[in-house]
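Chemist: Now for the letters of each chain:
Protein chains: 2
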Amino acid sequence: MKLIKNAIGRMVPDELNGKKQVPFQGVGKYKPKGVKAAIPIRSVADYPADGDKRLPSIKEALIKSGLKDGMTISTHHHFRNGDIIANQVFDIAAELGMKDLVWVPSASFPCHAHLIQYLESGVIHHIEGSMNGPLGQFTSEGKMTGTGILRSHGGRYQAIQDGDVHIDIAIIAAPTADPFGNANGVTGSSACGLLGFALADSQYADKVIVVTDNMVPFPCVPWQIQGNNVDYTVEVEQVGIPEKIVSGTTQITRSPDRLLLAELSASFCDQAGLIKDGFSFQAGAGGTALSIGNFFGDIMRERGIKARFARGGSNKYLVQMLEEGLIEYILDGQTFDLEGVRSMRENPNHTDTSPFTSYNYHGKGNFNTMVDVVILGATEVDLDFNANVVTHSDGILLHGIGGWQNCLLSKTVILPIPLFRDRIPVIRDEVTTICGPGELIDVIVTERGIAINPLRKDLIDATKNSDLPIKSIQELKLEAERICGAPAKIEFDDEIVAAIKWVDGTIIDVVRKIKE
Amino acid sequence: MKLIKNAIGRMVPDELNGKKQVPFQGVGKYKPKGVKAAIPIRSVADYPADGDKRLPSIKEALIKSGLKDGMTISTHHHFRNGDIIANQVFDIAAELGMKDLVWVPSASFPCHAHLIQYLESGVIHHIEGSMNGPLGQFTSEGKMTGTGILRSHGGRYQAIQDGDVHIDIAIIAAPTADPFGNANGVTGSSACGLLGFALADSQYADKVIVVTDNMVPFPCVPWQIQGNNVDYTVEVEQVGIPEKIVSGTTQITRSPDRLLLAELSASFCDQAGLIKDGFSFQAGAGGTALSIGNFFGDIMRERGIKARFARGGSNKYLVQMLEEGLIEYILDGQTFDLEGVRSMRENPNHTDTSPFTSYNYHGKGNFNTMVDVVILGATEVDLDFNANVVTHSDGILLHGIGGWQNCLLSKTVILPIPLFRDRIPVIRDEVTTICGPGELIDVIVTERGIAINPLRKDLIDATKNSDLPIKSIQELKLEAERICGAPAKIEFDDEIVAAIKWVDGTIIDVVRKIKE
Numbered sequence: 062m063k064l065i066k067n068a069i070g071r072m073v074p075d076e077l078n079g080k081k082q083v084p085f086q087g088v089g090k091y092k093p094k095g096v097k098a099a100i101p102i103r104s105v106a107d108y109p110a111d112g113d114k115r116l117p118s119i120k121e122a123l124i125k126s127g128l129k130d131g132m133t134i135s136t137h138h139h140f141r142n143g144d145i146i147a148n149q150v151f152d153i154a155a156e157l158g159m160k161d162l163v164w165v166p167s168a169s170f171p172c173h174a175h176l177i178q179y180l181e182s183g184v185i186h187h188i189e190g191s192m193n194g195p196l197g198q199f200t201s202e203g204k205m206t207g208t209g210i211l212r213s214h215g216g217r218y219q220a221i222q223d224g225d226v227h228i229d230i231a232i233i234a235a236p237t238a239d240p241f242g243n244a245n246g247v248t249g250s251s252a253c254g255l256l257g258f259a260l261a262d263s264q265y266a267d268k269v270i271v272v273t274d275n276m277v278p279f280p281c282v283p284w285q286i287q288g289n290n291v292d293y294t295v296e297v298e299q300v301g302i303p304e305k306i307v308s309g310t311t312q313i314t315r316s317p318d319r320l321l322l323a324e325l326s327a328s329f330c331d332q333a334g335l336i337k338d339g340f341s342f343q344a345g346a347g348g349t350a351l352s353i354g355n356f357f358g359d360i361m362r363e364r365g366i367k368a369r370f371a372r373g374g375s376n377k378y379l380v381q382m383l384e385e386g387l388i389e390y391i392l393d394g395q396t397f398d399l400e401g402v403r404s405m406r407e408n409p410n411h412t413d414t415s416p417f418t419s420y421n422y423h424g425k426g427n428f429n430t431m432v433d434v435v436i437l438g439a440t441e442v443d444l445d446f447n448a449n450v451v452t453h454s455d456g457i458l459l460h461g462i463g464g465w466q467n468c469l470l471s472k473t474v475i476l477p478i479p480l481f482r483d484r485i486p487v488i489r490d491e492v493t494t495i496c497g498p499g500e501l502i503d504v505i506v507t508e509r510g511i512a513i514n515p516l517r518k519d520l521i522d523a524t525k526n527s528d529l530p531i532k533s534i535q536e537l538k539l540e541a542e543r544i545c546g547a548p549a550k551i552e553f554d555d556e557i558v559a560a561i562k563w564v565d566g567t568i569i570d571v572v573r574k575i576k577e
Numbered sequence: 062m063k064l065i066k067n068a069i070g071r072m073v074p075d076e077l078n079g080k081k082q083v084p085f086q087g088v089g090k091y092k093p094k095g096v097k098a099a100i101p102i103r104s105v106a107d108y109p110a111d112g113d114k115r116l117p118s119i120k121e122a123l124i125k126s127g128l129k130d131g132m133t134i135s136t137h138h139h140f141r142n143g144d145i146i147a148n149q150v151f152d153i154a155a156e157l158g159m160k161d162l163v164w165v166p167s168a169s170f171p172c173h174a175h176l177i178q179y180l181e182s183g184v185i186h187h188i189e190g191s192m193n194g195p196l197g198q199f200t201s202e203g204k205m206t207g208t209g210i211l212r213s214h215g216g217r218y219q220a221i222q223d224g225d226v227h228i229d230i231a232i233i234a235a236p237t238a239d240p241f242g243n244a245n246g247v248t249g250s251s252a253c254g255l256l257g258f259a260l261a262d263s264q265y266a267d268k269v270i271v272v273t274d275n276m277v278p279f280p281c282v283p284w285q286i287q288g289n290n291v292d293y294t295v296e297v298e299q300v301g302i303p304e305k306i307v308s309g310t311t312q313i314t315r316s317p318d319r320l321l322l323a324e325l326s327a328s329f330c331d332q333a334g335l336i337k338d339g340f341s342f343q344a345g346a347g348g349t350a351l352s353i354g355n356f357f358g359d360i361m362r363e364r365g366i367k368a369r370f371a372r373g374g375s376n377k378y379l380v381q382m383l384e385e386g387l388i389e390y391i392l393d394g395q396t397f398d399l400e401g402v403r404s405m406r407e408n409p410n411h412t413d414t415s416p417f418t419s420y421n422y423h424g425k426g427n428f429n430t431m432v433d434v435v436i437l438g439a440t441e442v443d444l445d446f447n448a449n450v451v452t453h454s455d456g457i458l459l460h461g462i463g464g465w466q467n468c469l470l471s472k473t474v475i476l477p478i479p480l481f482r483d484r485i486p487v488i489r490d491e492v493t494t495i496c497g498p499g500e501l502i503d504v505i506v507t508e509r510g511i512a513i514n515p516l517r518k519d520l521i522d523a524t525k526n527s528d529l530p531i532k533s534i535q536e537l538k539l540e541a542e543r544i545c546g547a548p549a550k551i552e553f554d555d556e557i558v559a560a561i562k563w564v565d566g567t568i569i570d571v572v573r574k575i576k577e
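The listed protein sequences correspond, in order, to chains A and B.
So for the first sequence, our numbering puts the first residue at 62; every next one is plus one.
So for the second sequence, our numbering puts the first residue at 62; every next one is plus one.
Among the hints, a few may not be true.
It does not matter which identical chain is used: a pair holds within one copy or between any two.
For lysine-lysine, the following DSS-like pairs were computed, each having C-alpha atoms within a straight-line distance of at most 25 Å [unchecked claim]: (1) K129 x K94; (2) K125 x K92; (3) K125 x K90; (4) K125 x K94; (5) K518 x K532; (6) K518 x K337; (7) K92 x K63; (8) K160 x K120.
Since the hints were made in silico from the structure, they are not lab data.
Note that the coordinates shown come from a computational prediction; the quantities given were computed from them, not determined experimentally.
Pulled out of the complex, with its shape left as it was, chain A reads as follows:
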């Protein structure tokens, strides 16, 4: 393994877990050659003519799928912290004496701390996906055998589509399915909305297992996952813990600081002329984002403006705007509450999307580049507007990338962030981990001022006569440091514990082991 300085100045390895890697070459610079993953041709003659692909247990399905040492296994985060299937899969793998598996979740949650024992015992070699919370801590401490690889939702689709990651066995937990394998997330007691994060796996994995606690006779309509891509189906008592499925912040913030951030962000969008008839936006979950959506609603009502579409993460506030007619369509990648689930089930204008339609950078375009305004978070931002979303300022890997990188490709990207967290400034000379290149980040909104990326002269011009507290990012940094002092530099070990992929599969940065 050799380290190479990539186009954003970070030293990244040319190899990860024994596979050659390409360093980040700049936004839109890396042009993939070659073809998408070619999957084996199947024959209907090898599948049950009556369409009944049921097996009595996940264990049997894993054995029939040919589970063996070193395989790559995928699961998905549609049930978020209420997922119980991923843990069961690796319990079975451990029981069967498997070693060196690679786990490719679409995201991980605290409930997956259960898997640390298998990372320790060698059942799981490494994780390619998000390493949140306890798994992130474990990784940061250098305890994972292999090197973790973090990808965005779109990057995960890209990697599977392009054959960078070959999934041997995909286990798709579904709120409703039929014995043939058609499955959806809009009905059943574990309804989570949609199953888009499993799309790539269903299309490209060698073996696909659908697990459900609500088996209905064929046809399961709608079929968000197509049974024609499925090998086996399994009926279980429970696929997820309903009350934990809809987690995350689903209430608008009541914190005065966050409300201020939200109001300033919405006001910026308004005064910069971004909120106009037919516009589109994506705000995501979290109290601040939800509040911004509400402020958008107020502005739209006042001005008689309608949005053509909002990208979800949907929630009750967005659904309300759809039903009120303020938004014509919700193009939804993930429902964050039960109102989102209901609306997707009932309203044809609330449409499920997938990382393929919305985020995949290696397609013939994607939805996200068309979105006018995107509101995102960040743990740190540097003076070039480069931002971090995976590590905290203590250097520990604590978040996945989610759709964050993909959303950066939207027309205007706004990060409402507090100027400091726990008295640690968020704007720094250098971020701990670069997840997004500054050229794609347009506006930083803090409680003490708004910084516009100098590249966005149009936004600078549009707001220069406004009453908004526009400042330079340098000014904001100094202001924070005047209050909190300059943050100490974190000391890392040399060892690379995880790599951050850019949306095109190149390596934009790495995470190093924290010093004891």
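Dock chain B against the given chain A, drawing on the hints supplied.
Modeler: Using the frame of chain A, we list chain B on its own:
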């Protein structure tokens, strides 16, 4: 080129248009090796960030797509005899001086007689698709430069998916689309229901052009064709002639002979115990099929039976049964009338399907093997129940295969056919062209008796004490010949003008040039 006797006794070539071929090896016997077609990886960086892929004309789109001699071009029959785009595409190709193109329509109609001039002038080398009516006559006369290849709807998906046919440029005419290329068939003045026949092309063609006369702002919802697979979009005055889109017989038959066939078929299904709670059926279009659907409805109402699903071709009668609650779902591959279009647009239980979900033999199962009862037609049947659906008894190629072969894989296949047509017996020692192996054809219903395939002992047992006029197929044949005389054998030239593919891509039979 060498001729080989295939598993059903027909002499078929080992090569067609310079490509190696596999002879039919028996139902379920040919196991494909290798992988699906691998398509080039694209980059979002090469597509407009605002999602606007519009070009001013089809001509410009073809030029930008790199149209050149020898390329394979596909169009689709969603507008049936009201299609105007396929003709325009080849007018442009001729104007640009193109030669030796291969046309891969999902089906052809009499409106495509316009293309005969290009088959004559060498713009089109040969057709892979259906050669109906005038194009069939032209082909049968040995006038096409290359050899025609006929595939079922499922076989077309299989061939494109497996890379047997590589589409260079797909032109998808759509009733509604957005500039990004999302498209559907349920809205717009040319609404035709769905666009499933273009799915394979959108997924596997090098260049995909969507043409519409109803361009809406992004997003076009639902997106039956995904803009993420589309290269260019073109807005035109008109994509189809609405009054010709909904063609075919859309009224139940009033012919007493056909009504008798329909009633006998329905009565057979009833007495054989095939019509039971939760069953499924596919009847298709055509006066007799529509009548059978109606008779099914009567039986179901009388017995309080509900069907779990009906496969469409949908029509107003099927829609009525759905709305009445006699059918829970319509899984629809093609809407045959405007009621079908309306229902698909409005009713979530009337779902669009594709040749991938329903018919593709090289997937992990398909819908059609799960259908309980399928009603189909045939031009000829032999004593082994082998049937012909593409040539008439005069040897001329006049029909495409459609979904006919695919439907043979259903649980029970019933062919209601008249014992003779124009005083020519339909049951023969040998059919002109074998399109479907007799082992898959279960029941022949004629106005003078019903023959059950000896392989279906269960059906023979179930109906042996019924009042149905059960006879052997030999008896039926003799009865026809007593009335009409034994048909003369047709004389053919040696030249092979077209080949018939089985659902797995092997050659089941050929069509030879007719003698002058």
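Chemist: First find the shortest C-alpha distance between K518 and K532 inside one copy, then the shortest across copies, and answer within, between, both or neither for a cut-off of 25 Å.
Modeler: For K518 and K532, only the intra-copy Cα distance (14 Å) is at most 25 Å; the inter-copy one is 86 Å.
Chemist: 25 Å Cα cut-off: does K160 pair with K120 within a copy, between copies, both or neither?
Modeler: Classified as within: same-chain Cα gap 16 Å, cross-chain 57 Å, threshold 25 Å.
Chemist: Indicate which option fits the pair K129, K94 if close means a Cα-Cα distance not exceeding 25 Å: within, between, both or neither.
Modeler: Between copies, since 23 Å is at most 25 Å while 31 Å is not.
Chemist: Since the copies are identical, ignore which copy is meant and state whether K125 and K92 lie within 25 Å (CA to CA) inside a copy, between copies, both or neither.
Modeler: between (39 Å within a copy, 20 Å between copies)
Chemist: Given a CA cutoff of 25 Å, do K518 and K337 count as a within-copy pair, a between-copy pair, both, or neither?
Modeler: within (19 Å within a copy, 70 Å between copies)
Chemist: Quick one: K92 to K63, C-alpha cut-off 25 Å, is that within a copy, between copies, both, or neither?
Modeler: within (22 Å within a copy, 45 Å between copies)
Chemist: First find the shortest C-alpha distance between K125 and K90 inside one copy, then the shortest across copies, and answer within, between, both or neither for a cut-off of 25 Å.
Modeler: between (43 Å within a copy, 23 Å between copies)
Chemist: Check K125 against K94 for me: Cα-Cα at most 25 Å, and say if that holds within a copy, between copies, both or neither.
Modeler: Cα proximity of K125 and K94: across copies only (20 Å, versus 35 Å in one copy).
Checked against the numbered hints above, the structure violates none of them.
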